[in-house]
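Please put together the full structure from these sequences, using the hints given.
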Amino acid sequence: MKAASLTTWLLLSEWRARFVQLIVAVMAIALGVALGFSIHLINTAAFNEFSAASKSLSGQSDLQVYGTRGLFDESLYPRLAQYEGVKLANPVLEFTAIVPDKLESRNNHKLRILGIDMFRAANMSPDLLGVPAEDKLMDGLADDAIFLSPAAKEWLQVRQGDILRLNVGMQSIALRVAGGLTRARAGQRVAIMDIGAAQWHFQYLGLLSRIELKLDAGVRHAIFKEKLQKELGAQFFVAEIVDQEARVANMSRAYRVNLNMLALVALFTGAFLVFSTQALSVIRRRSQFALLRVLGFTQRQLLRQMVMEGFVLGAIGSLAGLAVGYSFAALAIKLLGGDLGSGFFPGIQPSLYLSPIAALVYFFVGLGVTLLGSILPVLEAVRARPAVVLKPGSQDSAMERLSTPWPAMICLSAGILSTQLPPIHELPVFGYLAIALLLIGGISLMPRFAVWAFSFWMRIVNGFISRGRLNAVSLMIFARLANAPNQASIALSGVLASFSLMVAMAIMVLSFRVSVDNWLEYVLPADLYVRAADSGNQGGFQSVEQQIMTALPGFARIDFFRVQQLVLDPNRPEITLFARPIDNANPGNTLPLIGEMMEQTQWPKDSRPLWVSEAMVDLYGYTVGKQVMIPIGNMLREFTVVGIWRDYGRQFGAVQMQLSDYQMLSNDLSINTVALWLQSQTTMTDAYATLQQLPFSDALEITQSQAIRAKSLEIFDRSFAVTYLLEVIAVVIGLLGVAASFSAQTLARKNEFGMLRHIGVTRRQILAMLAAEGTLLTLLGVAIGFMLGWAISLILIFIVNPQSFHWTMQLHMPWSWLILIAGILLVSASMTALTAGRRAVSANVIRAVKEDW
Amino acid sequence: MQNDRYKQYIFIALILLAAWLAFPVSQLLAEGPRYKQVVPHYDLTFPQDYGAHPDFRIEWWYVTGWLETSEKKPLGFQITFFRPSTGHNPENPSQFAPKQLIIGHAALSDPAVGRLIYDEKTARAGFGLAYAREGDTDVKLDDWYFVRSPDGSYTTEVQADKFGLHLTLKPSQSLMLQGKKGFSRKGPDIEQASYYYSKPHLQVSGIIRHQGQTLTVKGHAWLDHEWSSELLDSRADGWDWVSVNLDDGSALMAFQIRGKNDKKLWAYAKLRDANGHEILFAPEQVEFIPVRTWQSPHTNATYPVEMRIRTDKTEWRLMPLFDDQELDSRSSTGAVYWEGAVTVFRDEQKVGRGYLELTGYVESLDL
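Residue numbers (this note's numbering), protein chains in the order written: chain X, 36 to 888; chain V, 33 to 399.
Everything labelled a hint here was simulated from the structure, so no lab data went into it.
A virtual CB, placed ideally from N, CA and C, is assigned to each residue, including glycine.
A hint or two may mislead.
As the list claims (entries may be wrong) - Some but not every residue of chain X turned toward chain V, in silico, with C-beta under 10 Å: (1) Leu128; (2) Met153; (3) Ala233; (4) His236; (5) Leu240.
Structure, rendered in structure tokens:
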């Protein structure tokens, strides 16, 4: 027989013999690859779409000039248009308007509108031009016309010629839907208007949001950018498209990387599963290999045979994984949207792009993991001396090498060390490394634990037996578990990995949820919050409306908020500025302060106090006591950081200051939000009625803090939907692993069972023994998995989260959930063991014993 | 991409076509502001009327002429600035409010190239970046401009991607009021009229950028300045127009408005000799007779590029510098017309050079 056909024959006959285990192993690989690949696909699609959508809004410009405080005076436009080296300057006024019909959906009631000069935009962003009706060609310049992208039309349910109402400050204006856009990205919700009409109707007279520049040929962008930036000063920043891409990337990077990491974790679990399947299969076939060696197979040939086996398994699994991953991604995007419900990429509708490189990478990761999982056990089997192997009972010694504690100890120590290292590029790389190392280390130590635990139990059981309280079967169970720990622990590695990860995620998610809930209670102390649409760069409530609000009856307290977006660093997303009354003597009453703070008596006299969110410390280095410059009005003003508060709402940073300080520095007396506390005798209905009677009540958006909290938690749960999904999949992989290894083991122990039957042990007893073994093993796995998971959750909570999202949280344990999952695992593991056992003992007893000789 | 831009710009073309091609103006004006009307017996006053007239719906300054390089090679050129009002709400206080637009067209005819080289630009008036000022000729469109100095000479500069013109135009004769004292009728209806004066025999000197070279040029040009709120009869299909600087110092301008089936709706001609003596021809005395047509490979339109023009008993024959002087801007403004340098013969003798404009020859514009 030729070598090649022998290889095939060996492969096929082996696979035919243990079809189910193979299917499980392939499925594990496929699931791991599928998860990783689909998350990659979804993320890439969402990110590309989001960045393409924001790029399409900013056109094909070389440079863009923004104001650090958002809007800026239009006088910059003629200056830049005539600036040396500028070929074309395109002024843009970008803002959102509130759609009154959509007010009930709190986070989804704004329409993005771009005011453009179509003659300038035609050469810069030709996609963003209105397409008027054939008989109304002047609409592109009309003062009452608005053009909507298809997605916006669908969302607003309007057609060409309809009237669209939008809120501006306390007023409502009506615009005519004059047509669509030249080319809007699918799902992109955006409206276009003439810039002059937009300035007029939306009260942005004299203001622009950005100027896009195209430079003359031959002008060096970098030099020009630097020169212009210097000339414009701190009020403006000059950005290139790449900067903007970086900004978009920065915005969602932590989220994307963390999701990818979760996918890798799934693959990692898959690898453990392959390892356990292959290891057990190799052990079972040791005598077969030895026989082949005796018959003239070389070590090399044998190794090649096994590598080949792993390769084929890995290839099939990875390919299936790619296919499943792609379908899953397509389905998820269709059902959940590109951000998988987390809200990171709003207002877009991504489409999948299958990148061959990414597919190859995931294919090879899956293949590599499988090869690794199958080569490790094979190496030993191949090296073993055939004569020794051919004797029975050598199986456990085979795994001895794997139970050396040193690599595991090194892994654990390296893992602990990694927790102390800082993030790389603001990503918790070492945090994830620590998790991986802890898992590997913990699982490798599993045999040690097993020996230790079950020997201990065996002594106790022995005691019971000697006192006649237990029968010999119990002793057999513990003897088996204590003395052949390697097989047992291999069986458990898959379930251990998945259970510990599940525990970790569960602890992290609950801790996060409880912390968010507490925080919401803290940051939303008032009963009602009333907001109005901004008008221009002014908050919706001017002095007149503020006086009316203050005079309202039935309220115990009324606070005014001025909220704005600021740019401190052009490469980072905007931060949020809150100006509100803060109790200087006791700021902890107003803000969820954490960590060190400066007492009022220590504040510098010539500076103003500023409270910053945790993210500001990580991203901008705003530590307590530091003097910082914040653009207020048209100037940079000095503030002193006097405290740090926890913020789960804005991961890119937020600062709070006294409303009085803000108003004095900016001369801006308008506000956007009013917080209202009810008097004890006022009911919510009364309060609503009072507010409804205001002359400008139509323009108000009234929310109860209860509703905001409920909504926030709903969003929270939705964004963790993927995490839950991953957890479930990890558990399924783990259970498949248990099933696979138990059936492999029980089949391998046919001889043993045959022998037991011969010496009078009943089938029932053997089955009970198997079930007990399974349960005990799983119990140990659950215990160790819990320890490992708890350690990993600490890493997630105290390292990964602060490093990627810049917020901290307190530890909370989801006991009931953990117990439930542990229970399910135990039951299903015993059931699996039992089912596998049934098959083993049903075999012909006589033959089983004969086979051994 | 090109096609998209085309759609965007169509409406601008429409503004122009409304002026040129008998677009029912009343439709555009249905809700827009009222414009000043052109009336007879109005005395044009200068330099006031050199400047812009924003109360009128449309206005243009139109320079055409023949240039000669230092190597004696002939070139034709055209520079036009349009100022249309848009009908945008006059109450909008925004500086961006697009109440007035400035549109520039520039073209160069080089027989060595064999087809028109062309560029155009549009902007809303405002921010000192684009404007047509009142008081004296002063039009700016980013880096394109057309300005009259107090000494009476004009300076204009147009820098396009493919070519550039930087010219000074000095008057050598007094200005020529068209129609009756500048009141120029365009149709059988008395409302269909414009205020219209010309400056023939402008002495041109300057430099042009062409095919990567900078060339010093000299030549003769003709300037038209015209403004109106309602120009053409609704039955009009297009027009043929010619201006000629005759070698003996005379100046001839003639046009005909064509209705459907190329029937003459209205015609006009005025001939002024070097001494300033003018002959005004009645509509029935002026006739445009096609001699040879040329079919554009770009638009499939057929233009009578060689014409005989009869003014009473005199017959002028126009020969194009070359055939393909079609201005095909369907990729931008969408306007298509033939605007070409022509040599003028009388009794088989070359008597002058001018520019011929042929509009409305493209089969019903597919808008």
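Cross-check of the supplied hints:
1. Restraint check, X:Leu128 versus chain V: the minimum CB separation of about 8 Å is within 10 Å; hint holds.
2. Look at X:Met153: its Cβ gets to within about 7 Å of chain V, closer than 10 Å, so that hint holds up.
3. This hint holds: X:Ala233 has a C-beta 8 Å from the nearest C-beta of chain V, less than the 10 Å allowed.
4. Taking 10 Å as the C-beta contact cut-off toward chain V, the hint placing X:His236 at the interface holds, the least distance being around 9 Å.
5. With its C-beta approaching chain V no nearer than about 6 Å, X:Leu240 sits inside the 10 Å limit, and its interface hint holds.
In the structure shown, no violation is registered for any of the earlier numbered hints.
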